[in-house]
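Student: Each chain, letter by letter, is given below.
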Amino acid sequence: MTDPKPADLDISAARPSFWRNLSFVWLVPVLALVISLGLAWQSFSQRGVAITISFPNAPGVTPGETTLRYRDVVIGTVEKVTFSEDLSQVVVHARVDKDVAPYIDSEAQFWIVSPKVSTRGITGLSTVLSGVYIEGAWDQELGAEQYAFVGSDGPPLEQPGRPGRRITLMTTDGRLISEGAPVYYHGVEVGRLEKPRLTISSDAIVVDAFIEAPHDRRLNSATRFWDTSGFSVSLGGQGLTLDFDSIASVVAGGVNFDSVYEGGEPVSVGHVFTIYPDETEARRNLLARSTADAVSIAAEFGESVSGLEPGAPVQYGGLKIGEVSAISADIQETETGPQIRLLANLAIEPDRLGLAAGAGPDDVLDFFDAAVERGLRARLAAANLFSAALVVELVELPDLPPESFQREATPLPILPSVESNLPDFTATAEGMLERINSLPIEELLDQAISLMASIEAVASSEGTRAAPDAVVALLEDTRALVNDEATRALPGDIRAAVADLRGIVAELKEAGAFDNLAAALKRADEAATNFATASQEFPALVEDLRAVAAKANSLEAEELVAAATRVLDSADKVIGTEAARDLPPALNAALGEIRASLAELREGGAVENANATMASAREAADAVAEAAAGLPELSTRLERLVAQAEGLIAAYGDRSQFNDETLSALREVRQAARSVSQLARAIERNPNSLLMGR
Amino acid sequence: MENARRTQSVLTARRAGLVGCTTCGRVHARQAVTCRRCGSRLASRDTGSLQRVWAWLFAGMIAYIPANLYPMLVTSTFGKTQQNTIVGGVIELFDHGSWGVALIVFVASVLIPIGKFIAIAYLAVSARSAVVIRGHGRQHLYEVVEFIGRWSMIDVFVVAILAALVQLDFVATVHPGIAAASFALSVAFTMISAQNFDPRLLWDAYEADDT
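Chains A and B, in that order, give the protein sequences.
Sequential numbering from 0 applies to the first sequence in numbering that gives the first Met the number 0.
Sequential numbering from 0 applies to the second sequence in numbering that gives the first Met the number 0.
One or more hints might be untrue.
As the list claims (entries may be wrong) - 25 Å max Cα-Cα, derived SDA-like pairs, lysine to any residue:
1. K79/A x I191/B
2. K319/A x T335/A
3. K79/B x K194/A
To be verified - Sample of chain B residues lacking proximity to chain A, with all beta carbon distances greater than 12 Å (derived):
4. R29
5. S48
6. A62
7. I64
8. P65
9. W98
10. V100
11. V143
12. E145
13. I153
Source of the hints: derived by calculation from the structure; they are not laboratory data.
Beta carbons are placed, not taken as given, at the ideal position from N, Cα and C, and that holds for glycine.
Start from the sequences and build out the full structure, keeping to the hints where you can.
Tutor: Okay, here's the thing in structure tokens:
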């Protein structure tokens, strides 16, 4: 039983095509591959150009971190730091951006920027946190590519691609000029100095400087450089001057420049400027210039010109019209042989002289021609009281021997000069000081001192001290006497005496004494009036006084002082005598005697005798009356005296110094006369007062 | 006889004329096209499986290259920038003495991904023939690969968290590098690759041996 069995079919799935079976998933690895390759290519293509920079040392440069910058923009990174073959240099391998690389050519310079604290401030502060970086500088032009460079110490002065101008300066003192010191124009920093270097051939010091554009256009033949480092103190005709610029330039040094006159011409390449020690020096130097306007003339001086310096003003009536530009000596042939004359070149500025704006040199010379005819001369004068500096004055003096303006003289027209009056002043002052010096002031002082000592000795003696006690005792006794009843009885008697006196006065009046007195006083008055008129000429007197003061110098002060010395000496002797010293005891004794006599008075009933005394007084009054009869005669004599005084005054004239003394004497006479008249009037009014004392 | 014993030990569904649903596990007759329970498509063997495995594997391997060349982490502290690749980071950690951490990073970022590449490649190559490891060994290997794959992401997570947290401007900043993205992609691709592998293929070789 076999079932027909179909033959086994060889059924096999048609082998699927490889491509048909390909899954879409394969896109994923392909995409991944493409992206990866893309990334790789991108990194490779952006991988910059490798360059090497060699430095003597590379502080702070870290591979992978330190960046390379151009104008402060990161353009690359340091990849590794190695040494050169002989270990003498550090070689920094860096990669810079492809876009920038073509510009980095042979001119490129690299330096390491690190924080730096200097007198000009703090730089590179940003690198404190971020670490140092390497800065590069190059121009903006494509050049032959270069891959190995030598780094510099610091930023170059003249950075490629920065407009400006490199100049050379020369100086003889390099102490205050340091590398990197600023160059100022009117105090604004416009450039920097490079490292100063000595020239091989001479002592001069040459330093290159870079002046940034656009200030480099200010450089021309009128430009002067001067040192502004440190500070300067100068004492000159203008007084004390203290000069210093910024603190930075005090410490680090600096150079300033300016155009010292208008219209300088552009300088050629390679022009070397000189650095002057200071501004004055720099400006002074320019006086050798030929400014468009100034007219040079010379003045010849026959005396020492020490103290006169170039730059000193030339004054006319106190107004500065120019400056001394140079001082020179010139040999002149004369009959007596060659003679040296001193010439000062004066640069006169016509516009200061007041000439018209367009005045040329000829106008100026014409002016001097005419002025010298009138008596214009040059003269040296002191700039001020306290210095020896001189200025040149142009003065017009009368009564001078005629001289002419030597217009055709070579090299410059010569202005005649007159001798200055400087030396006289000095001599006078010296003479006066000498005389003062020779006065015997010391001796005088010695005498005064010994006098004082003597006075002190007298004052301190015991007798002197005892005197006051004696006086007190005397006063006590006197009081006792006054209190005595008998004394009180005295006034009655006195009144009688006064009555008598009145009688005497009446008699006097009758005798006409007062009239005479009045006449005398009148004369005195007149004299005084005369004197008053005389004193109206006081101004003239002042004139004479000045003359007298002028002669004071010649007064015999020595004798005066000697006399004073002598007087003091005598005084000393007098006081120093024993008699003088004995005086106080004697005084004491005298007082004691007075006291004793007072005591006697009291005891001996002296008061009772007062009446008798008064009687005597009356007798005395009678005597006075007789005497008064002689008063008219006295008045007449007084009158005569006044007349004589008047004559004397007239004789001495109004002007003499004697007047002064006479004036005071007369005043006193007048006063005396007035007192006499007052006394007379008082006595007339109240004769009692003569006795009562009030 | 020997063959019979082996056959007993590995009786495949295909040999038994059956097909299992990969989604719900129901067994159907060979001819069934869709699962009667869950409606999934039924296939005795996934024919495109190996192809997809290889494709994803390659993608993963390609992505792994930049992941190691480029920096994983860009840290900048006080203006100083530091870039670390995976291996560089491991070396640095090791230098600093953090051996434990270095080991974890090394295992998670280097050992596991590379191990996975090798394992998946081996599985894919060996699917058709019974080489070296037989039977359940390969099944275990496959399961391990699938399980461990996700742990490779540990590095990526660390970078993601750091980058999100450390943003202190100048003081300290952390940025993920290109490597972080490519590493994440690499891990993802290998996981997908492992997912696409049909482990049933492992047994077909025995079936062929038996016939």
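Student: Now tell me if each hint is right for this structure.
Tutor: We went through each hint and held it up to the structure:
For the suggested pair K79/A and I191/B, the alpha carbons sit about 42 Å apart, so the restraint of at most 25 Å is broken. The suggested pairing of K319/A with T335/A is violated, with an alpha-carbon distance near 38 Å, which exceeds 25 Å. Proximity of K79/B to K194/A is assessed by CA-CA distance (about 35 Å); at most 25 Å being required, the pair is judged violated. Distance check for R29/B against chain A: the nearest CB is about 14 Å away, which clears 12 Å, and the non-interface claim stands.
Chain A draws S48/B into its interface by the beta-carbon criterion, the shortest separation being 9 Å against a cut-off of 12 Å. The non-interface label for A62/B is inconsistent with chain A: the shortest C-beta to C-beta separation is roughly 5 Å, within 12 Å. Consistency note on I64/B: stated as away from chain A, yet its beta-carbon is not over 12 Å from all of that chain's, at 6 Å minimum. With a least CB separation of 6 Å from chain A, P65/B falls inside the 12 Å interface cut-off, contrary to its annotation.
Chain A leaves W98/B outside its interface by the beta-carbon criterion, the shortest separation being 26 Å against a cut-off of 12 Å. At roughly 23 Å, the least C-beta separation between V100/B and chain A is larger than 12 Å, which holds for a residue marked as non-interface. Here V143/B stays apart from chain A, with its beta-carbon at least about 24 Å from theirs, past the 12 Å limit. Here E145/B stays apart from chain A, with its beta-carbon at least about 18 Å from theirs, past the 12 Å limit.
With a least beta-carbon separation of about 22 Å from chain A, I153/B lies farther than 12 Å from that chain, consistent with its non-interface assignment.
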